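Q: Read off the chains here:
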Amino acid sequence: MDWMGLKEEHKLLRQDIKRFAETELAPQVSETDKKGEPLIASMKKLAEIGGLGILISEEFGGAGMDLLSLVITLEELAKVSPSFALSVAIHNLVGDTILSYGSTELKKEFLSSLSTGKIIGGMAVDTMLHPVASDGKRERLIVNGTFSDIFGFSMEKEEKKQFVVLKSDKRLKEEKEMMGMKSSGICSFKPNEKEIIERNTFTIDSPDNFFAKMRVLFAGVACGISLASFGHARSYSKERYQFGRPIAEFGMVRIMLAEMASKANASEMLVYQASQESDILDREIASIFAEENSLYVTDKGVQIYGGYGYIKDYPLEMFFRDAKVLEIFSGSVDYRKVLVGELLTS
Amino acid sequence: MKLAEFTDKHIAFREEVRKFARKELLEESTQIERKGEFPWHIINKIKERGWLGVNFPEEYGGLGLDTTSYIILVEEIARACASTAIMIAAHVSLACQPIFVHGTEEQKEKYLIPLARGEKIGSFGLTEPNAGSDAGGTESTAKLVGDKWIINGNKRFITNGTVADVIVFTASQDRTKKTRGISAFIVEKGTKGFEPGKEEDKLGLRGSITSELHFEDCELLRENLLGKEYEGFKVFMETLDGGRISIGVLALGIAQGALDYGIKYVREHSVNGKPLYKYQWVQKIISDAATEIMAARHLIYHAAMLKDRGAESVTEEGAMAKLFASEVSTRVCSKIHSIFGKDGVTRKYPLERFLRDTKLMEIGEGTSEIQRIVISRQILGR
Chain A
9 MDWMGLKEEH KLLRQDIKRF AETELAPQVS ETDKKGEPLI ASMKKLAEIG GLGILISEEF
69 GGAGMDLLSL VITLEELAKV SPSFALSVAI HNLVGDTILS YGSTELKKEF LSSLSTGKII
129 GGMAVDTMLH PVASDGKRER LIVNGTFSDI FGFSMEKEEK KQFVVLKSDK RLKEEKEMMG
189 MKSSGICSFK PNEKEIIERN TFTIDSPDNF FAKMRVLFAG VACGISLASF GHARSYSKER
249 YQFGRPIAEF GMVRIMLAEM ASKANASEML VYQASQESDI LDREIASIFA EENSLYVTDK
309 GVQIYGGYGY IKDYPLEMFF RDAKVLEIFS GSVDYRKVLV GELLTS
Chain B
19 MKLAEFTDKH IAFREEVRKF ARKELLEEST QIERKGEFPW HIINKIKERG WLGVNFPEEY
79 GGLGLDTTSY IILVEEIARA CASTAIMIAA HVSLACQPIF VHGTEEQKEK YLIPLARGEK
139 IGSFGLTEPN AGSDAGGTES TAKLVGDKWI INGNKRFITN GTVADVIVFT ASQDRTKKTR
199 GISAFIVEKG TKGFEPGKEE DKLGLRGSIT SELHFEDCEL LRENLLGKEY EGFKVFMETL
259 DGGRISIGVL ALGIAQGALD YGIKYVREHS VNGKPLYKYQ WVQKIISDAA TEIMAARHLI
319 YHAAMLKDRG AESVTEEGAM AKLFASEVST RVCSKIHSIF GKDGVTRKYP LERFLRDTKL
379 MEIGEGTSEI QRIVISRQIL GR
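Chains as they are written, first to last, in our numbering: chain A, 9 to 354; chain B, 19 to 400.
So that you can see chain B by itself, here it is in the shape it has in the complex (with noise of 0.2 Å):
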């Protein structure tokens, strides 16, 4: 479809993603959910493109697009392989993104390029144990020792986790401060005192990493700080504003995904003798999928846009993108899902696969009761 306001350049753009998705990343989808393991053959032809620093300047490795476009690159990869597309989101949004804004010119230099040029790979460590909605909460510690940073402390849920080179990550400087007593610090696979940790074993999005992360006294120098001293809750509460329309897109990705099989699906079986899509309850299933569909996706895109024309914050119409899309992907899936009776519950098509991956939407990068509260707050005040 044409969104009103996309550009040739846009279309463009899109039509290469999808040719891409569907040539190369469509067919190996089952396999990479199956194998469970960090697609590097997918990554490296996504590198190659220079797809994982689409919208970051060519200054510092990127190919200097908009954020629209960025956003159409994560539908199209999305709605072949929900699991290569939030590792792409992941790597671009909350670790190359970040660095963009709050890094120092020596940072990009040596992070956001290799990072943006996919030469290495981009993780955000917010999540802990005990941290999850309440992300301000965070445990781990950060304590300058003469000219070193020490880091104590445990993420969790963290995209990328373990084959990631780059890690941006919060810590404590004061716990007694809370919100205000948190930095945002960068750290290096490899780096002594730093570890990757268990892999999740999940509902869906299973080839896709997400993984914990330890630190015991890891050492890192004073120019691994991100942004200022005590400004970590603000550098990632935007980090995650941002975030937000990619998780979106994604959901409407595989919501989009789960429409195209169906329509395909009830034009070639039928039940007792009539081809499904003559029915009225498949037809009302498929239209109620396609409108709410569409709805979420011009909500998407107009974030995107808003973002493009220069929007200092689109906080507010991030938030309402990413509940919309999530929870109407969830609720598509799902009725799309029951189209297909028992051709859904095994792998033959890809729709259980859809459902499941598709549910994490709701609850990663800020839960659906997190998104209604980040909106209530700009429209009531606190």
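Just chain A, same shape as in the assembly (with noise of 0.2 Å):
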């Protein structure tokens, strides 16, 4: 949508993205999702127009943009690609937050690499919103643990929230049947606290602009995503003729369009929001609101491609798949609904 917010700069970065996905992702994505293979050559690539150093300052060879940069960037990547979105949201989260909270030691050590995408970094996405069983254990999922040279993931510790830095090893077991985002290198990761020294080792002083900061990255993602699902129904509406016509046609068609085009609309305009304010809980709103409607409308983008909304052949099931997955890594979204109620009323 074209928003009064969105500067020059925003239009022309989007553009480039856009390009970028048609012309490197586009041919490659229903393979490496049917297989779950990363598109590690892609990433690199991507590094070459700055994307993966969107955030990090030009002192740190990154491209020094803000967060509604970031994101543009991530809904364009999605519209072709959410699980390379993923990847690509994930790896610049790992450099702003050394950006924002590591020492000068870690920032010189890795945020010029990670701009240039001479080293990946992965992350791991759950949160204490996540369900553990009864022993207590909890394995972390690791967004890009495949291929990463580096990862990151969060530890409480003394009622601080840590954030802890590790060069990828072998520990990293991939997820090998995923659900969904299955080219975003996915591995399971069980934490052992003597490893965690205190040279990786940094305190989120913010625990909660942290995590709400990855939850507009996602809900960006989350609105590439149902914008793709209804771009692809609508244009198969108007080729798919039965009934001696085309399927745009149909009463109900028609309301399940307009249906997607507005929770598509209104989901972009509260992330493009919720990406210039820093406001938490505009961006708790935003990441719910967005995700919870990228579940509807990759359902009714399914809906309307019929029986071929179901195979393969069309990504409007991969869509289906890869929202579902996306909401979970923000913890599931009832659960957040309660948290907001809590920060509306506290």
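Mixed in with the good hints there might be a few duds.
[Said to hold, decoys possible] Here are some, though not all, of the chain A residues that point toward chain B, as calculated from beta-carbon distances under 10 Å: (1) A256; (2) F258; (3) M264.
Honestly, the hints are just simulated from the structure, not real lab data.
As the structure is a computational prediction, the values presented were derived from the model and not from experiment.
Note that the Cβ used here is the ideal one computed from N, Cα and C, for glycine as well.
Both chains come to you apart, so use the hints to assemble them.
A: Below is the structure:
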């Protein structure tokens, strides 16, 4: 959507990323999603146009752009490959976290390598919102784990949120049967208190800000998924003839498309606005809204395609799965609603 | 739960199927999905119990049970493995049923008996690349040349397509007559000019076969016509009417399965130190799911029992049952899946598979939109 908050630089960035997604990602998406292969070479190519260090200051080789720029980048990437967008989101977030909270040594060691794509960063995305079994043991899910050089995860220590950065090693077990986000190189990992050495660890002073920012990025991915599902469904409805006319002429199809457009556009606006303001509540609300609506939109996307929406020849079923997995990373939408309710009334 | 009108026989049968599903199918279901092959070993066990002809008279190789029993069968199987359930539903509702209703005695002898006994697998070739919701837009052709039918055309999204021995299908004798030009036929695997085609790579139901069928100057004998000439549309509309309840109950079974897992999970897991089941947001999901499932259950078994009591048609009730149950199931599976958090994104638990499996129930055998049109026509007329 054209929004008054978008500056010229945002519009140009969108064009660049859109072109990248269509030329570099589109030809590979279907096969790599089926096989669960990450698009590592494409990540390196994205680095060449500055896509891997969007929030990193120019001092450290980054693009020095704002959060909205990263959200737009993720949105455009997600329209073609939500998995790839998720990988890029996480990689950027690792760098941004080190930039925001890390020591000078860590910044010197990692930031410019991350910005140039010389090294790839992974990160655990589960939070305290995830269920644990009665034995309390927690296995973490690391995005980009199969191909990252370093990865980060957060831990509670002495009531402070600590962020740990480690070199990737073989303890990262590939999750080969992911429901969705199959090209994001997701691994499981069991953290061991002993390896957290002081040098690699720093405190996240404002964990609420940290998580809200992460959720806004995921919400950007959700917007891309919604807009793409809607776009595909709209085109298809004009081309698919049944009963002697395009299905776009049927009232029930028109209703679905209108609902999809409303939800996708409204999500985008909320997420853009939340990217500009640093209000935690706005970000949490935008995240819930965008993700919940992406479930609806991708469901209808499959529905409009009918039998064709159920097969891997078309991307609708991938968007359906990816949206669902994405929802889970930030924690169940319904639980987050409770937390927002708490924020609203405290 | 005890549905108000289940007989003791129904309850006993349900117990039997449930035991089988728990013992033989539940753990197998992950493998069945992984392999993506027809689960012969399971189907053979189901066939041995006579369940592939559960609701057909014994004289035709069946068990002689009623529609309600068949619906119970599909539900209990679906709770463990939707792929197996849809294979059964297609075989019974879409292949056996039209032969039972419209077949000659010779056809019933030749096809229905082995199908009901499970000696042969059945399939229903209706859908085509350009005839989905517009099932009457059949482009496949049937031409009577001397004493033989010559069939040409392609079918798509056919359950059991590559493994079926007996396929009931539609083809048009006169495309200018549109739906009134369609006739129904029976073809056997191995017939010259008939070949199953590519198997689909699907979102869900990955343990079931969904494939193309190709007819190229396929020659069939006159007696392969099912029902009267030009009455194929009627044959398949009736068949779909009956099939709706089985798809609806399939969705219900999946939803019930998801609920069962969800209840166990929220008792055994905590978030932020508090057991999941103590949170209101969880209680809301579980109670909404249980309520909607109960409502769907009543709609479905109501339609099944109407049929058993001799209702001539259950068009409206069947469509309502399928529409409601399938949409409820997608909603329930999605919501309960969310509770599992990251335990839901891998195959550690079957919740993600339930969601992928159930989505098809809103599409196959008439999309929800078509069901709405069917229902509104019953209420408002054309």
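Q: Holds or violated: is there a CB of chain B closer than 10 Å to the CB of M264 (chain A)?
A: Since the shortest Cβ distance to chain B is 8 Å, the answer is holds.
Q: Given F258 (chain A) as an interface hint, is the shortest Cβ-Cβ distance to chain B below 10 Å?
A: At 7 Å from the nearest chain B Cβ, F258 (chain A) passes the 10 Å test, so the hint holds.
Q: Are A256 (chain A) and chain B close enough, Cβ to Cβ, to be under 10 Å, as the hint says?
A: violated (13 Å)
Of the numbered hints stated above, the single one contradicted by the structure is hint 1.
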